[in-house]
Amino acid sequence: MRNIMAIAGKELRAYFHSPIAYLVLAIYSILCGFFFYSITATFVIESFRLQMGGGGMPPINLNEMIIRQLFQGILTVIMALGLLPVITMRLYAEEKRTGTMELLLTSPLTDLQIIIGKLLGAMGLYMVIVLLTFLDIGLLFLYGNPEPKPLIANAIGYILFGGALLSLGMWLSSFTKNQIIAFVVAFAFFLLLYVLDWVSSFSSTAVGKVVSYLALPTHFENFTKGVIDSSDLIYFLSVIVIGMFLTARSVEAMKGRP
Amino acid sequence: MIEVERLTKRYGPTRAVTDVSFRVEKGEVLGFLGPNGAGKTTTMRVITGYIPPTEGTVRVAGFDVVDQPLEVKRRIGYLPETPPLYPDMVVSEYLAFVGRIKGVPRADLKNRINEVSEKCAIADVREKQTGHLSKGYRQRVGLAQAMIHNPEVLVLDEPTAGLDPKQIIETRELIKGLAGQHTVVLSTHILPEVSKTCERVVVISGGKVVAVGKPDELTRRLQGFETVLLMAEGPSGEIKERLERVGGVSLVEQHETSDGRATFEIHAAKEQDVRAELARAVVESQWKLLELRSSGMSLEDIFLKLTTEDLTEQKSEDTSQKSENGSSQT
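Respectively, the protein sequence lines represent chains A and B. Letter by letter, the first sequence follows residues 1 to 258 of my numbering. Letter by letter, the second sequence follows residues 1001 to 1330 of my numbering.
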């Protein structure tokens, strides 16, 4: 445990000692803030219009109209495609480039301790991102009354969503010394996982169902509605475990090489 | 302390190391000598548990590197060819991190950091980022990192690479000081290093061990003749002729120095001191004798001899095998 925390602490410090953390957090807070603002503004205008039209009270639900919009739409897209690969690209690639992989692999650590430590370090930075998102959402409590309970589901979903992609990104980072390549590959991979559910719109065969089951949005959607479904939990947790397993295989292969 | 038995390491079809066996006793400093690409780094990486052996066994303090890697890693401090530094970290922070993953108890960590930074003379850069350090400091931070958990065994891959002459001397002193309490394996392709720091040498070439022994033993065993260097002023051709006539001299080689004087490298039969005769020969002929000294065979010569001899042996083996095959066919 001490070993895991040492690695996790090192990773987290590395993010904040380099511009990466600040860059990611700045970009995220600007974009997230803007999306939040524009969605809220649209919502306000829309609700005024409905009231003026006088067709009775419109169904005003902040969770449904704002928070879900925020999570399900653009926010997850920029997270998945733009920022998470930036977080994961250095995890192994940098160690391989600077030769510090040799230090880690000749220290009395198991591969699993290193992998868990790295993932926790990346999750550490990601948790700051989650926190920033909920700061924005928290503003809604000042002016309206969203339901707090679905927010918990939102948070769990968002954390699992990040964890799954970070785990896969870590694996993809273990193939190369070059962080740019690690970024590009992770970007492409995440994009694919994101659009896989389009298959469901044109294919209803068994294969199509399986493929769309693998897609990220399929499983994230329930969380944005405030619903925690065990199958979605299992999906994200297994993606995290698979990412760690594949990383372990890749690290094992790394050892045989000069 | 370290037992390497019939170690072979293959990377795909290429053999990096073939059938290497040697032992290192507790408290000994062993030099690992060989040209670049001879398999030094590969052997060291197997000892440290970084890469698994293809065949053979390696035991450190009685623990097998394949079966009990954590026990081995706990006992080894390793300085790879390029010091494994995190460029963004400050030196003290870096040493603290390495100490933690090497299992130094939290209470001791501070003392250990102080001790190794003093030993490796890096106390003045402790608050600097490792990425901003000069090559010499980086190397020494790497050395400090290897020593942080006070390991029984130190494996150092070219520990003096990139240091300036003063630092090289300091590092050698440091390594010599480690002998006794620590077992040290160090690799180098720089020869004086071995004679100055190591008690025993393993010469490796083309992935095979070609010689094992104490540096002066190796010198004695391989040197077939005495060498004398002589510098004189006079007609160089005549001097050469005269020197060749001195009893016991087998060969005289003439080298011109830049200021026009001639130096002669004289080979004489083993255990025969020809210096007095040589001096008399020069002085009696009214030439000016400027310098006369005996020069032992340098490790460079031994090294070249060992590494090239090995090749010629191999070639002759090959040809004899071929001729055998040829004769059996006919």
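Hints listed in this document are in silico derivations from the structure and should not be mistaken for laboratory results. Glycine included, every Cβ here is placed at the ideal spot set by N, Cα and C. Honestly, I wouldn't trust all of these hints.
Stated by the list, open to error - With a straight-line Cα cutoff of 30 Å, these simulated BS3-like cross-link-like pairs (lysine-lysine) come out:
#1 K1026(B) / K255(A)
#2 K96(A) / K1214(B)
#3 K96(A) / K1128(B)
Unchecked claim - Residues from chain B that face chain A, not an exhaustive set, calculated with beta carbons under 7 Å:
#4 Y1050
#5 K1073
#6 A1096
#7 F1097
#8 I1101
#9 K1102
#10 Q1286
Stated by the list, open to error - One side of the interface only, derived from the structure: several residues of chain A facing chain B at Cβ under 10 Å:
#11 G9
#12 K10
#13 R13
#14 A14
#15 R68
#16 L103
#17 P108
These are the hints, each one checked on the structure:
no.: 1; hint: K1026(B) / K255(A); in the structure: holds (28 Å)
no.: 2; hint: K96(A) / K1214(B); in the structure: violated (37 Å)
no.: 3; hint: K96(A) / K1128(B); in the structure: holds (23 Å)
no.: 4; hint: Y1050; in the structure: holds (5 Å)
no.: 5; hint: K1073; in the structure: holds (4 Å)
no.: 6; hint: A1096; in the structure: violated (9 Å)
no.: 7; hint: F1097; in the structure: holds (5 Å)
no.: 8; hint: I1101; in the structure: holds (5 Å)
no.: 9; hint: K1102; in the structure: holds (6 Å)
no.: 10; hint: Q1286; in the structure: violated (63 Å)
no.: 11; hint: G9; in the structure: holds (8 Å)
no.: 12; hint: K10; in the structure: holds (5 Å)
no.: 13; hint: R13; in the structure: holds (8 Å)
no.: 14; hint: A14; in the structure: holds (6 Å)
no.: 15; hint: R68; in the structure: violated (39 Å)
no.: 16; hint: L103; in the structure: holds (4 Å)
no.: 17; hint: P108; in the structure: holds (4 Å)
Going through the hint list in order, the structure does not satisfy hints 2, 6, 10 and 15.
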